[in-house]
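Going by my numbering, the final residue of the sequence shown carries number 541, and the count climbs one at a time with no gaps.
Calculated from the structure, these hints are not laboratory results. From a predicted model like this one, the values you see are computed outputs, not experimental measurements. All C-beta atoms in this analysis are idealised placements derived from N, C-alpha and C, irrespective of residue type, glycine included. Keep in mind that the hints are not guaranteed to be accurate.
[As the list claims (entries may be wrong)] Calculated lysine-lysine pairs in the DSBU-like style (CA-CA distance at most 35 Å, straight line):
#1 Lys252 x Lys33
#2 Lys252 x Lys83
#3 Lys403 x Lys60
#4 Lys137 x Lys110
#5 Lys400 x Lys450
#6 Lys403 x Lys450
[As the list claims (entries may be wrong)] Cβ-Cβ distance ranges computed for the label pairs, FRET-style:
#7 Lys33 x Tyr254: 19 to 27 Å
#8 Glu377 x Gly285: 55 to 63 Å
#9 Arg220 x Lys33: 31 to 39 Å
#10 Val231 x Asn517: 33 to 41 Å
#11 Ile509 x Pro96: 37 to 45 Å
#12 Asp498 x Val414: 17 to 25 Å
#13 Gly124 x Tyr228: 35 to 43 Å
#14 Gly492 x Phe449: 37 to 45 Å
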Amino acid sequence: MNLQRSQVTWVQALRSLIQLSHFDFDGYVEARKALTTEEWIDLLVQSIGFNPEMFGRRSKLLQLIRLIPFCERNYNLIELGPKGTGKSHIFSEFSPHGILISGGEVTVAKLFVNNSTGKIGLVGYWDVVAFDEFAGKQKTVNKSLVDIMKNYMANKSFSRGVETLGAEASMVFVGNTKHTVPYMLKHSDLFEELPEKFHDSAFLDRIHFYIPGWEVDIIRGEMFSDNYGFVVDYLAEILRAMRNHDYSDRYKQYFSLSPDISTRDRDGIHKTFSGLMKILFPHGGATEREVEELLQMAMEGRKRVKDQLLRIDSTYAKVNFAYENKEGISKTVVTLEEEEYPKYYHQTLTEEREGEEVVKLEGASAPESKSGVHPGEAHLTFQENQRGVSFDSLFGPYLKGAKKITITDPYIRVFYQARNLMDLIETVIKLKPQEDEVKINLITTLDDFKGEQQVEYLGRIQESCATVGIDFTWEFDGTCTIHGRHIVTDTGWKILLDRGLDIFQHYDIKDAFSIANRLQEFRGCKAFEVTFLRRETVEGN
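Please model the complete structure; the sequences and the hints are all you need to start from.
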């Protein structure tokens, strides 16, 4: 067809589909088989818009748990945490099968059924109904709405006059907290910000998983991905199709849950485990270790709910969240905040709290010997996202009094690694008397690509240290065979570091006003272990 320029204002050159007309589930499963678990997790994280390099393994899984309501029917999820962590993003932008509504806009007619018109509410039309801004103690809530929600969340049904109707919509509750975790554990509970009518043990007992929003970093520009992932419409349809499948029993070939776990607790664990298996292993093929990791995560999220119920309602009995492998070895699951704040975690609201002080992270401070004067040998293990750790508390007692320190770490190359080294040197400076001098020697390897920049960093550290009584030197291992990371002192200590000094998660290193930038105790950790050994001979000064 001949068209003159004056006859048209535009010509369509290309047409592409936005919505998917169909999808190939078998092709999706085959694609999963071609990738490792780590590669698949990274692909999914990129698909929801984040850069996987900015997250640890546990943090990635917490992000992906937000997808479970889309692939698991009647799944009840709650996430409470600080502002700006992206709690509602998934439910507003990800899937055409979910809806995000304000917590203050909820009515019985809107959510379930209008008895006057007979019109079914949101649970009859959407796969996921998410309540934004759910927290807020002063919010007014209709008690009849809470009662209907409790029945729906437990029985998957609601009444319309004399008729009982069923629905499959999952429910998600997201809201902000005003206080820190230790404050909430000391003075109330981790549900303290909910409206009074929802701060009810019967309602909260219907929650299958509690995402610890305080573990999720506040969203920064560098956390967004510019790499490839699935088209969200495609992934949303895949997840919706998987609502017809049940993966809840796929741990049973390796593990069994403790008989102490109640039916409701077991249901919560099963639904979370099933959802994670659908997301990560739609093809099956998970190893025993991978199955155990997901089972532990599912149990932890339900335990976080149950432990708070013990505070709210004294009629609940304490439950041992444990599982057993085929060899008969039993393992008990604990929450991360339980390890961080053991002194406050197991309190009930009726216990006396006067005169208590904030407890430091268990294992973050160097253990003392029986005399209580000198540190002793120890092996410490830290979980991902654990907080309260600093070089001062972890290494300080072992470095105190040393006049010669040798640090072996092949990965002191880029800026953040050099920054970690400088932080350790600052710990030594805080400990030494001003009139003394300390020799610190670094043994590392030369970076093949950015060697000049590496030498520049080390040179600047050396210049800075010279003014405060630290004789800092370094040497490059010419054999390029060093792999171990450790610190040796002339006072007889050898500190074995499985991750070297790189123990902290990504934080905003450019923000001078960030508390995590200024104080190590407020940074999340990577999973790591450290061993303190006493050497047989002590070097002379």
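Self-check item: Range hint compliance [Cβ, Ile509 to Pro96, 37 to 45 Å]
Solution: 38 Å, holds
Self-check item: 35 Å Cα cutoff - pair Lys403, Lys450
Solution: 32 Å, holds
Quiz prompt | Supplied distance hint 55 to 63 Å, evaluated on CB atoms of Glu377 and Gly285 | solution = At 42 Å between Cβs, range violated.
Quiz item: If you check the beta carbons of Gly124 and Tyr228, does the distance land in 35 to 43 Å?
Solution: 36 Å, holds
Exercise. Please work out if Lys400 and Lys450 have their alpha carbons no farther apart than 35 Å.
Key: With Cα atoms ~34 Å apart, Lys400 and Lys450 stay inside 35 Å; holds.
Quiz item: Is the straight-line distance between the alpha-carbon of Lys252 and that of Lys33 35 Å or less?
Solution: 22 Å, holds
Quiz item: Do Val231 and Asn517 keep their Cβ atoms within the hinted range of 33 to 41 Å?
Solution: 36 Å, holds
Self-check item: Agreement of Lys137 and Lys110 with the hint, judged by alpha carbon distance not exceeding 35 Å
Solution: The hint holds at about 22 Å.
Practice problem: Evaluate the given range 37 to 45 Å for the C-beta pair formed by Gly492 and Phe449. | Solution: 38 Å, holds
Self-check item: Holds or violated: Lys403 to Lys60, with C-alpha atoms at most 35 Å apart
Solution: 42 Å, violated
Exercise. Check the following: the C-beta atoms of Arg220 and Lys33 are separated by a distance inside 31 to 39 Å.
Key: Given about 34 Å between the Cβ atoms, the range holds.
Quiz item: Do the beta carbons of Asp498 and Val414 sit within 17 to 25 Å of each other?
Solution: 20 Å, holds
Checked against the numbered hints above, the structure violates hints 2, 3, 8; every other hint is satisfied.
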